[in-house]
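There are 2 protein chains.
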Amino acid sequence: MAQTRAVRTRATIVRAAGELFGERGYHGASTTDILERCGLTRGALYFHFPSKEAIADAVVDHQAQALSAPERESPLQATIALTFAYADSLLRDPVMRGAVRLAVEQGTYRKPDAAPYEGPQEAVLGLFLQAEARGELLTTADPHAIARLMVAAFTGVQLVSDALTGRGDLMERLTDLWRYLLPGIANPGLLPHLRVPDLDS
Amino acid sequence: MAQTRAVRTRATIVRAAGELFGERGYHGASTTDILERCGLTRGALYFHFPSKEAIADAVVDHQAQALSAPERESPLQATIALTFAYADSLLRDPVMRGAVRLAVEQGTYRKPDAAPYEGPQEAVLGLFLQAEARGELLTTADPHAIARLMVAAFTGVQLVSDALTGRGDLMERLTDLWRYLLPGIANPGLLPHLRVPDLDS
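Sequence lines, in order, name chains A and B. Just so it is clear: in the first sequence, position 131 is 131 by the numbering used here, and no numbers are missing. Just so it is clear: in the second sequence, position 131 is 131 by the numbering used here, and no numbers are missing.
Chain A extracted, bound-state conformation (with noise of 0.2 Å):
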């Protein structure tokens, strides 16, 4: 019972400060700001967390919820489909925008750090490579390289959008972003059957 509302409380200032560094960056909200939006004292946050940066870095492991791919008959199907769910937690989930927005502007609160972008890799690459071994990709495509060139383009666009729309073109600039590669990385006859949009919802 103590555990469960442990558990509950630490979710609650993770969802406090990933909305908040959403909103403002990490210099912008202040341990007091989190603070006063999850109406905690000190005592209860520094009991889970010793400091600012510990919330920030269980923010950033919050798109972990995020990597696991949807079911799809063809791995470069699912590829698509993972994407768009992320993109589509980025739209729903405050506490994704503030992973991400830590993890872009992460050379704020640390050193710049490969951890953020190691999860996203190692599932897209893991999707790629099934891709490859049911011959899905075109021989010249090589798995790592296009799984690094994905990330970095899907890091970007969402960044973009964010300046330009608030994010409000996000899924018409991923649909572009696939619809743009996939003649370059995918056996031109799956094309005709891969789904861009893909999502469940």
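FYI, nobody ran anything at the bench for these hints, they're computed from the structure. We put the beta carbon where it would ideally sit given N, CA and C, even for glycine. Keep in mind that the hints are not guaranteed to be accurate.
What the hints assert, rightly or not - Cut-off 25 Å, straight-line C-alpha distance, at most; resulting in silico cross-link-like pairs (SDA-like, lysine to any residue):
hint, chain 1, residue 1, chain 2, residue 2
1, B, Lys52, A, Glu23
2, B, Lys52, A, His27
3, A, Lys52, A, Thr32
4, B, Lys52, A, Gly28
5, A, Lys52, A, Gly28
6, A, Lys52, B, Glu23
7, A, Lys52, B, Ser30
8, A, Lys52, B, Arg24
9, B, Lys52, A, Ser30
10, A, Lys52, A, Ala6
11, B, Lys52, B, Asp33
12, B, Lys52, A, Leu164
To be verified - The calculated label-pair distances, taken between Cβ atoms and stated as ranges, are:
hint, chain 1, residue 1, chain 2, residue 2, range
13, A, Tyr46, B, Arg72, 53 to 61 Å
14, A, Gly126, B, Gly126, 33 to 41 Å
15, A, His193, B, Glu23, 43 to 51 Å
16, B, Thr32, A, Ser51, 21 to 29 Å
17, B, Pro70, A, Gly39, 54 to 62 Å
18, A, Ser51, B, Met171, 34 to 42 Å
19, A, Ala64, B, Gly119, 35 to 43 Å
20, B, Leu91, A, Asp33, 32 to 40 Å
21, A, Thr165, B, Arg42, 37 to 45 Å
22, B, His144, A, Gly28, 27 to 35 Å
23, A, Pro192, B, Glu71, 35 to 43 Å
24, B, Ala54, A, His193, 48 to 56 Å
25, B, Glu71, A, Thr12, 55 to 63 Å
Here the structure of chain A is known, so what remains is to put chain B in place on it, guided by the hints.
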């Protein structure tokens, strides 16, 4: 003579500020840090810039110098060359790195703003429209959509390259971006004639 010195002083401030913003972000660099680095008095600084925000704006404007396309026979080849020249200036010029970091993190010093993306987008769109007129693009490639995509993807590529390798793999990543994107945008007859990477130096 006095004006020449004023121009030079202004450039000294922008250079010092650009370096510092590139290294530490907007919040990590104070006007005192900027003064220390350029060896000027506070009076001299405020003669040129009313605020730290105004200095940041001048640093962001600095990227315009990297947006004139190198001369090439083919507009599509000129687009490729432009992106490599821009990447090269990121590697060589610390003020460019400051400009790009402020653009990416601009929400931290003022509201998100289209300005830093407008210049690159116009430059790339102008070239893609020429490429379309010359029959260099696939008829399925919309110049507006691919200009928007190129600017966003480039933004992400340089950002993730910076976070993971301090931009050590920037040229390799940019080469991959073009390599995998060209089949979706360029006339197939042109493909074997395009040079990637394309750098003057």
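**Message:** A range of 33 to 41 Å was offered for this pair. Does it hold for the Cβ distance of A:Gly126 and B:Gly126?
**Reply:** holds (40 Å)
**Assessment of proposed distance window 27 to 35 Å (beta carbons of B:His144, A:Gly28)** = Because 33 Å falls inside the window, the suggested range holds.
**Prompt:** Do B:Thr32 and A:Ser51 keep their Cβ atoms within the hinted range of 21 to 29 Å?
**Reply:** Hint holds: Cβ distance 26 Å, inside 21 to 29 Å.
**Message:** Can you tell me whether the CB distance of A:Ser51 to B:Met171 sits inside 34 to 42 Å?
**Reply:** At 37 Å between Cβs, range holds.
**Prompt:** If you draw a straight line from the CA of A:Lys52 to the CA of A:Thr32, is it 25 Å or shorter?
**Reply:** Given that 25 Å is the threshold and the Cα spacing comes to 10 Å, the pair holds.
**Prompt:** Can the suggested window of 32 to 40 Å be confirmed for the beta-carbon pair B:Leu91 and A:Asp33?
**Reply:** holds (38 Å)
**Request:** Take the C-alpha atoms of A:Lys52 and B:Arg24, compute the straight-line distance between them, and say whether it is at most 25 Å.
**Result:** Distance of about 19 Å is within 25 Å: holds.
**Prompt:** Between B:Glu71 and A:Thr12, does the beta-carbon spacing fit 55 to 63 Å?
**Reply:** holds (59 Å)
**Asked** Honestly, do B:Pro70 and A:Gly39 meet the 54 to 62 Å range at C-beta?
**Response** At 58 Å between Cβs, range holds.
**Item:** Consistency of beta-carbon spacing, B:Arg42 to A:Thr165, with hint 37 to 45 Å
**Value:** holds (39 Å)
**Message:** Check whether the Cα positions of B:Lys52 and A:His27 lie no farther apart than 25 Å.
**Reply:** Cα-Cα ~16 Å, so holds.
**Request:** Please work out if A:Lys52 and A:Ala6 have their alpha carbons no farther apart than 25 Å.
**Result:** holds (18 Å)
The earlier numbered hints are all upheld by this structure, with none contradicted.
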